[in-house]
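Now that you have both chains on their own, put them together as the hints suggest.
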Amino acid sequence: MAVTVKIRSVPCNGSGIYPLRSGRLLIACVIAALLLLTWFVVSQIGSLFAAKGVASGFGFLFQPAAIPIAGPLIPYQPYVDTYARALLAGVLNTLMVSGAGLLGATILGLCVGLTRLSKHPLITLWARCYIELFRNIPIVLQLMFWYIILLHMPNARQAFSLWGGVFLSNRGLSLPWPVLGIGSATGWWLCVAGGLAAIALLIARLPSWRKSTSMQLSRVMILTLAAAIALASSLSMEFPRKGGFSIVGGTTLSAEFSALVFGLSVYFSTYVGEIVRSGILGVPKGQREAAEALGLSSIAATRFVILPQALRLIIPPVMSQYANLIKTSSLAVVIGYQDVVSISNAMLTQTGQAVETVILIAAIYLTINLVVGQILRLFDSSLPGMAAATKRTAAQ
Amino acid sequence: MSTTSGFLGQRPGVTYVRRTLFGLFGSAPAALVTVFLAAVTLKLLLYVLDWAFVEAVWTIPDRLNDRPDLTLCEKARGVGACWPAVLLRYQFLIFGRYPSEIIWRPWAAILMLLALFAYSGWRQLRGAELPFLWLTTFFLCLLIMGGGVAGLQPVPTELWGGLPLTLLITTAAILGALPIGALLALGRVNLRWSGIRLASILYIETVRGLPLISLLFMGNFLLPVILPAWATPNALTRAIIAITLFAAAYVAEVVRAGLRAIPIGQREAADALGLPVWVRTWKIILPQALRLVLAPLLNTFISTLKDTTLILIIGLLDLFSTAQSSVANPLWQEYYVEIYVFTAAIYFILSFGMSRISAHLESRQFKSR
Chain A
1 MAVTVKIRSV
11 PCNGSGIYPL
21 RSGRLLIACV
31 IAALLLLTWF
41 VVSQIGSLFA
51 AKGVASGFGF
61 LFQPAAIPIA
71 GPLIPYQPYV
81 DTYARALLAG
91 VLNTLMVSGA
101 GLLGATILGL
111 CVGLTRLSKH
121 PLITLWARCY
131 IELFRNIPIV
141 LQLMFWYIIL
151 LHMPNARQAF
161 SLWGGVFLSN
171 RGLSLPWPVL
181 GIGSATGWWL
191 CVAGGLAAIA
201 LLIARLPSWR
211 KSTSMQLSRV
221 MILTLAAAIA
231 LASSLSMEFP
241 RKGGFSIVGG
251 TTLSAEFSAL
261 VFGLSVYFST
271 YVGEIVRSGI
281 LGVPKGQREA
291 AEALGLSSIA
301 ATRFVILPQA
311 LRLIIPPVMS
321 QYANLIKTSS
331 LAVVIGYQDV
341 VSISNAMLTQ
351 TGQAVETVIL
361 IAAIYLTINL
371 VVGQILRLFD
381 SSLPGMAAAT
391 KRTAAQ
Chain B
1001 MSTTSGFLGQ
1011 RPGVTYVRRT
1021 LFGLFGSAPA
1031 ALVTVFLAAV
1041 TLKLLLYVLD
1051 WAFVEAVWTI
1061 PDRLNDRPDL
1071 TLCEKARGVG
1081 ACWPAVLLRY
1091 QFLIFGRYPS
1101 EIIWRPWAAI
1111 LMLLALFAYS
1121 GWRQLRGAEL
1131 PFLWLTTFFL
1141 CLLIMGGGVA
1151 GLQPVPTELW
1161 GGLPLTLLIT
1171 TAAILGALPI
1181 GALLALGRVN
1191 LRWSGIRLAS
1201 ILYIETVRGL
1211 PLISLLFMGN
1221 FLLPVILPAW
1231 ATPNALTRAI
1241 IAITLFAAAY
1251 VAEVVRAGLR
1261 AIPIGQREAA
1271 DALGLPVWVR
1281 TWKIILPQAL
1291 RLVLAPLLNT
1301 FISTLKDTTL
1311 ILIIGLLDLF
1321 STAQSSVANP
1331 LWQEYYVEIY
1341 VFTAAIYFIL
1351 SFGMSRISAH
1361 LESRQFKSR
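The listed protein sequences derive, respectively, from chains A and B. By the working numbering, the letter at position 222 of the first sequence is numbered 222, and the numbering carries on one by one without gaps. In the working numbering, each residue's number is its place in the second sequence (first place is 1) plus 1000.
If you are wondering where the hints come from, they were derived from the structure by calculation, not from laboratory data. Glycine included, each C-beta is placed from N, C-alpha and C at the ideal position.
If you anchor each label on the Cβ, the simulated ranges turn out as follows:
| id | chain 1 | residue 1 | chain 2 | residue 2 | range |
| --- | --- | --- | --- | --- | --- |
| 1 | B | Arg1019 | A | Trp163 | 38 to 48 Å |
| 2 | B | Pro1263 | A | Thr124 | 33 to 43 Å |
| 3 | B | Ala1359 | A | Gly373 | 28 to 38 Å |
If you want a taste of the chain B side facing chain A, the calculated C-beta under 10 Å gives, among others:
| id | residue |
| --- | --- |
| 4 | Leu1037 |
| 5 | Glu1205 |
| 6 | Phe1217 |
| 7 | Lys1283 |
| 8 | Ile1302 |
| 9 | Tyr1336 |
Residues from chain B that keep clear of chain A, each with C-beta distances beyond 10 Å, as calculated:
| id | residue |
| --- | --- |
| 10 | Val1048 |
| 11 | Asp1050 |
| 12 | Trp1051 |
| 13 | Pro1068 |
| 14 | Arg1097 |
| 15 | Ile1110 |
| 16 | Leu1114 |
| 17 | Gly1121 |
| 18 | Phe1139 |
| 19 | Val1149 |
| 20 | Pro1179 |
| 21 | Ile1241 |
| 22 | Gln1266 |
| 23 | Arg1364 |
Bound conformation, chain B alone (with noise of 0.2 Å):
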């Protein structure tokens, strides 16, 4: 492949550039729509920049009543983006109505977890430490976030917000769907009791078809009716067990495909071996299984981290919600799209920051075999 010899020699890499120019310049046709679409494209990104940056407002005056003065920002309408909407209101964006004198512990929570989901995506298929990773890293979050213990001042979920509250429903729905999602698909191929594969194939097609708007709803009203007063947990559980359901099923389904694939050979060869049922699930087929879906299982993933923004329908103040609030805000209503170009920008980070590792895992996954 690299050994194409040219005028620009035999090295790997160069052949890439040889043929991206050869199909940027390689005939009349090519070439024009190359000056073209680089014309357009060049305008485009100079325009952006020059809004974002060159044009843009960076700081306004404080009036004498303590409302900023925007002047300078409706002068600049249309020609630069008035990044004092973001900059003055980042600590709500971010954060939601955490307490802000004790804002370094959602900043403490916001890089565990950022860390956790770098290190699970660099630990790639050998991790056996990472589900104990997980489930430590997950409650203590919940109690940086929480106080109530090591001498840390208590906050309410009511005023969990923005961020960290995205990622941390984003954890524990991962946390609980996974298992769930497992021992769903696991009852689905089961040959042997066809009463739990029937409970298996009913729950997974009934959640599968719903949105998940209704089940966030079904989960927000039903819950405190079927429950006692005394055992109704808090809005932002109902929504992590409505949202981990949900997955729950999605998991379970490309975990099923996962188990098709195992061949046969391995069950008979554990039950020749005499292993009872469980280890031969636990130690054999599960982990081919899951390290052969790991890409699927983390779009997954990342469908539920941009799923969690549809919790603004029962009032939690997620990452999408505050930006929301924002915008509804009189005095910064006209630069909704600094506020949404900002809030798509952490999105997009975080969801394609997952889609990247998930397909490095995927190239090193066959390549290891």
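This is chain A alone, in the form it adopts within the complex (with noise of 0.2 Å):
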């Protein structure tokens, strides 16, 4: 299409691109406007502030909380513990949450991509089927499905029983958990002294030490291996068993935290799914014609050749979808679970300390996203390539 605009000769600045006076205008009007607004925000919380009597500041973390949490993982009493305690207890909630949500999404992430790669219709279809099915039902609704579905379990005396000790109750999810056990002194010393060992072992820079990669790795794993026989003698498992009223023994997820997890690890499920399915479908097909070429047998050219190929483009998308994962859990205030956001909303409106709760909210959640871009820029030296593939992920 055909463009008409007037043509002048203006003045340029040093590299010849742009003239000296274009836009200045503009930039300090923009500029001028934000200082405004900003004075203008600050001028009317503090009026508003001090109309109502409220205090600002972080003063108030430190005043008792009306805030029952149910299965704190920390001691914390409500109206006697301080504010600051029970965001604490919902940080640890959020993390819990979202660490359980994360290795459920991994796992059956993997399962559904590999289903998907199949090279059988039907159980691609399945596959497809799944995906598709979990990715376009929004994930409140899933959640809240999940939710009730437990609340109908029947009680804890009919309670459904799966294999190996796992109960299915309106309580929710119970399983057996490791106990240790009592006069097992040895056992521990043991544990201790293999867990020193290994260390020892791995900073050692003895130069006997360094004799080949294999035999190092053999005396880490059998150094290991005495530990954990050490710790697995000093431990046992505690089944649940039905009580009178309830379930005895073992540990059990509450409702709230066993739907959570469960749809959240679906729901994203479908996300890795996908993602270690365009990975591995991303690595040439030449790579693996030469890998047979070369000799290799399917397994060895799988694992040699194309996962780490294929991980170098899976990890990163899938980072981004770990800290997706961890925002969205923030949907446990929907099912009633106490998480860090369910807590500071209650915070919110017992003290009516709104801009300091949402600053503490915008601060925990920044520091939790600047440690997921930590760790995934840790990956980007282990594996070369990687630092590509991440900028270029970065740059979506």
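In structure tokens form, the structure reads like this:
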């Protein structure tokens, strides 16, 4: 299409590209508008707080909190402990849910991705239906669905019993859990000794230790095995069983936690599956042909040629999906699981300190994001060619 | 590709059939898996069809005191669906608390917005009239839903709900996030003003690091604090602002990728022609960049549609929230499966349709170049 613009000659800057006066007025107006906006916002907040008699600042964090938390990971009592402690319990809850969700999403996503790569049309059909079904339905809907199903489970007396002592009731999922045995002091000492020796081996720089890599590796494996046996002999698994009105023994994951972890895992496994599939398909076909021409078996070709290159393509997008999962775990507030967003919301409604709460939540999530970003950068150095792939993904 | 000879002939598409049959029955393990999976799939399909249609309860009688008689439904639990749980309440499920005598208005809004989406997808890459069409359709829908003009009875936004609300919020978020996101992306890639670049990076990384729920809370609780009472927008507008600002950060990242893919020769040629910066951006750089990233942009918009379900947090009644309150109703509490399946089906059709349009656009884009 024809562009008719009056072309004029104006004095240009040093590189000869931009006319000197273009845009300066606009920039000055934009900056002035932003400054005006900031001053207005700050003065509004200040006058409102003065009128309400609400103190600004973070002092409210040390007042007793009226927030009940179910099953906190640190000792916490409502009406006794402070808001700061409640927030800490919330952060730990978020990390626990996110960690379990990440594990589930990775395992499920790997299975889904590999299934999607199968050559059998019916298997890929099932994988495609799974991915499309759980990707197109909003996650909030899925979470509520699983939660209500769990709430409709029978009570503890008639709980469903899956294999190996796992119970499903309306109190949640009861799993066997290891407990430390009494009178296993020797086991503990063996553990500690084995662990120290393994660490010493790993950091030892004595030339006599620098035999072949495989010998070093086998020594580490032997020591780890010894430590594991020592640990296992001092631990025992406690299996849950049906007590009078509840499930006794083992550990019971609450219905909210189970629904949240299951829903998050299923939803994000679709994304991880697609990423795994596109990563493995992104390795050029010639790589496998060259590996087979060199005489590598199919398994060896996969392990030494295809997988490292595929991992380079898979890990950066999967890391961003991990960050997504951690942020989506904030949906716990819909189900009633007290994660950090839910607790901070209760804090906001109780104390009325909107601005400070908002700053706290932003800081917490940005810290989590930074940590995930740093872990991604750690991967950059471990695989060659990862840095370029990470930059490419970060640009998208 | 289609010139392979064989007993099934040489027409294109036949190769696909041959390959599928070979994959299904080519070897003994494959044939076993086929038989097993086909049996499982058929059994599952038959059970679902049985539950949803054959054994389902479609009508139930009313009792004298105007409460429905649920004995048929209770007998059919686990065997057949109780569709009256959806059919008797479908007006609340789809439209929220909108007054039922003027229900043609939300119907009109839904149809107009869906037609807009479909037309945009069909119009593909050469739609110069699309921005104008989107703006006019959006404001027309606002007027139809809200009333107060042309003799239409005014309806306050608190009564809006369900599918029209979801579609309206999505459209508003798309309309707002595209320009803001494009501006942010342009600010981030510009090499001249580092202050603007820093501000853009700060905004994008901060908003992308936060969950949408916290942004919704912020919008809901902070905006009334910051703004004086006469300027505070209503709950719906606060939600739209929060979702728009959230989506703008993601749109900015997508558009930034597109901007980086434009060869620098384009900018240099524009400068050689003496074109001012705004002409260069608006007529040369941005059209190419947006055309490149159409598919990821559509993916972002699909995510925005799914993210509108979060507004039940601040008490607005979108399509999912109406389903929630229906399930909370003690009368229909046991029939949550039917209600959730209905709502999930609507979301699935919308979201799957949009992703099919996106895939279609992507294939057409590379063909047309």
